[in-house]
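Participant: Below are the chains, spelled out letter by letter.
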Amino acid sequence: MDPTQAGMVAVGAGIAVGLAGIGAGMGEQAIGAAAVGAMAEDEKFFGKGLLMTVIPESIAIFGLVVALILLFVF
Amino acid sequence: MGVSNAVKYAYIVARVRAMKSKLIPREMYPKFLNMDIPEIIRFIEESEYKNDVDELSKKYKGTDLFEHSLSRNLALTYRKLIEVSQNEANFLITEYLRSWDIWNIKTILRGKFSGASEEEILEGVVSAGQLRYRDLTELVKIDTVEGVIAALSGTPYYPALEGYKGDLAEIENALDKWYYSKRIAAATETGNKLFLKFLRTEIDLKNLNILFRMKKAGMERDDIAKLLIPGGLELKEADLNRLASLPFPEFVRALEEYSYWSTIADISNDLTSLIQIETRLEKHALVYASQISHYYPLSILPILDYILSKKIEVDNLRIIVRGKETKLPEEIIKSHLVM
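Protein chains in written order, with the working numbering: chain A, 5 to 78; chain B, 26 to 364.
The set of hints was computed from the structure by calculation and includes no laboratory data. Wrong hints could be hidden among the right ones.
What the hints assert, rightly or not - Heads up, simulated EDC-like pairs for lysine to aspartate or glutamate below, C-alpha to C-alpha not over 16 Å straight-line:
hint, chain 1, residue 1, chain 2, residue 2
1, B, K84, B, E171
2, B, K45, A, D46
3, B, K349, B, E92
4, B, K47, B, E64
5, B, K105, A, E61
6, B, K45, A, E61
7, B, K47, A, E61
8, B, K47, A, D46
Claimed, not checked - Quick list of the computed label-pair ranges, beta carbon to beta carbon:
hint, chain 1, residue 1, chain 2, residue 2, range
9, B, Y158, A, K48, 29 to 39 Å
10, A, V58, B, T119, 28 to 38 Å
11, A, L75, B, T215, 43 to 53 Å
12, A, V58, B, P50, 31 to 41 Å
13, B, D340, A, L23, 31 to 41 Å
14, B, Y321, A, L23, 22 to 32 Å
15, A, K52, B, E214, 36 to 46 Å
16, A, V58, B, P354, 27 to 37 Å
17, B, V312, A, M56, 41 to 51 Å
18, B, K218, A, I19, 48 to 58 Å
19, A, V58, B, R278, 56 to 66 Å
20, A, G11, B, T119, 52 to 62 Å
Cβ atoms here follow ideal geometry from the backbone N, Cα and C, with glycine treated the same way.
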């Protein structure tokens, strides 16, 4: 792999993780706010709130997987 | 509904939904009807009203304690909504809850007009609006209606009150009209169409209430038209004028054209009881608020739905205990309940 190609792959991997992270963050902001609101009224919502908040994290993991494929398969 | 709107309302809506889950379930009301007053008070003491009962138990006893605890809880709950909300939600909740200022001003003026004692007037006061309990207590100490109006001169309510010439009904109506026109202006200012729709439906229901009452009392078209509040959703000015001019049976038939008909359709052949009609219309408001709050879950509507549900819970509890205290038959108490 020539250096330019390697550089492009690295940039691609970075974009994949970065955009996926931003998307997950946007998803989490409303869920996090709602989870804190529900918890403020009833502490029993802690477990459910935490679970719901991390669901958009899967998008970030998809980004990470794409980045790893780019870096190690190509 | 964009992402930003969802974020704006996510916190407060989740909190309000959690608060709503703590309201007394509908199935409890028939059980309350079979309980004695001390049993109901004991139940209340162990519920969300515990702190209020504890706080006031030194000052009041029995049903007075019950009544004051309910009012205090209602006021604190509404105040909490204002304190935990932000930006647009905070503005709209504050504006909406001004209806309690109107309620308190009306209660105090009526009390002063009829010569009720300070204690009696304070029993009906709920400091959930912008006028604090301390301010209201000061108002109650003033002896005359004119004095109370003069004391309110620094408030936004004064323009509706300054025309007082001895007719309380006239300024009460002016206060209602002022309240709704200001709320419509607030909703238009924020561009919140859902709030506006809710408010305009509320105006329709209030107008229907007025129409039924006035038609039953046999009032003339012009007198009724003066009382009606402009700005409704389905009942526009032309509709109101037409309905106001019809005799009672035709008026009831004319309501078939509107969506509110479904609320009273099954009792349309026997509309003798105003209480029954008013309870139905209140129930309509409750069901409507609950339904549209599910259509738009991240908006102002779930909050308005909670505000309405909480008020109805307090009203129902009050009706049951006061009804039992005056030994009213169970059927009559039940007919007043909004369930």
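Participant: The structure should be examined with respect to each hint, and the outcome stated for every one.
Facilitator: Each hint tested on the structure:
1. Proposed proximity of K84/B and E171/B is contradicted: the alpha carbons are some 31 Å apart, above 16 Å.
2. Pair hint K45/B plus D46/A holds up; C-alpha atoms about 12 Å apart against a cutoff of 16 Å.
3. Distance restraint check for K349/B and E92/B: the Cα-Cα separation of roughly 13 Å lies within the 16 Å cut-off, and the hinted pair is therefore satisfied.
4. Only pairs whose Cα atoms come within 16 Å are accepted, and K47/B paired with E64/B is rejected, the gap being roughly 20 Å.
5. Our distance criterion of 16 Å between C-alpha atoms is broken by K105/B and E61/A, whose separation comes to about 33 Å.
6. About 30 Å separates the Cα atoms of K45/B and E61/A, which puts this hinted pair outside 16 Å; it is violated.
7. Distance restraint check for K47/B and E61/A: the Cα-Cα separation of roughly 31 Å exceeds the 16 Å cut-off, and the hinted pair is therefore not satisfied.
8. For the suggested pair K47/B and D46/A, the alpha carbons sit about 10 Å apart, so the restraint of at most 16 Å is met.
9. For Y158/B and K48/A, the Cβ-Cβ distance of about 33 Å falls inside the hinted range of 29 to 39 Å, so the restraint holds.
10. Evaluation of the 28 to 38 Å hint for V58/A and T119/B yields a pass: the beta carbon distance comes to about 35 Å.
11. Between L75/A and T215/B the CB atoms are about 49 Å apart, so this pair conforms to the stated range of 43 to 53 Å.
12. Checked against the hint of 31 to 41 Å, the C-beta distance between V58/A and P50/B comes to roughly 32 Å, which is consistent with it.
13. Taking 31 to 41 Å as the suggested C-beta distance range, the pair D340/B and L23/A does not conform, at roughly 53 Å.
14. Separated by about 30 Å at the C-beta atoms, Y321/B and L23/A satisfy the suggested range of 22 to 32 Å.
15. Between K52/A and E214/B the beta carbon distance is about 37 Å. The supplied range of 36 to 46 Å therefore holds.
16. Taking 27 to 37 Å as the suggested C-beta distance range, the pair V58/A and P354/B does not conform, at roughly 56 Å.
17. The hint said 41 to 51 Å for the Cβ distance between V312/B and M56/A, and at roughly 29 Å that hint is violated.
18. Distance hint for K218/B and I19/A: a CB-CB separation of about 38 Å, inconsistent with the stated range 48 to 58 Å.
19. Between V58/A and R278/B, the C-beta spacing of about 59 Å keeps the proposed range 56 to 66 Å intact.
20. Look at G11/A against T119/B: about 56 Å separates their beta carbons, and that is inside 52 to 62 Å.
Going down the numbered hints, you'll see the structure goes against 1, 4, 5, 6, 7, 13, 16, 17 and 18, while the others check out.
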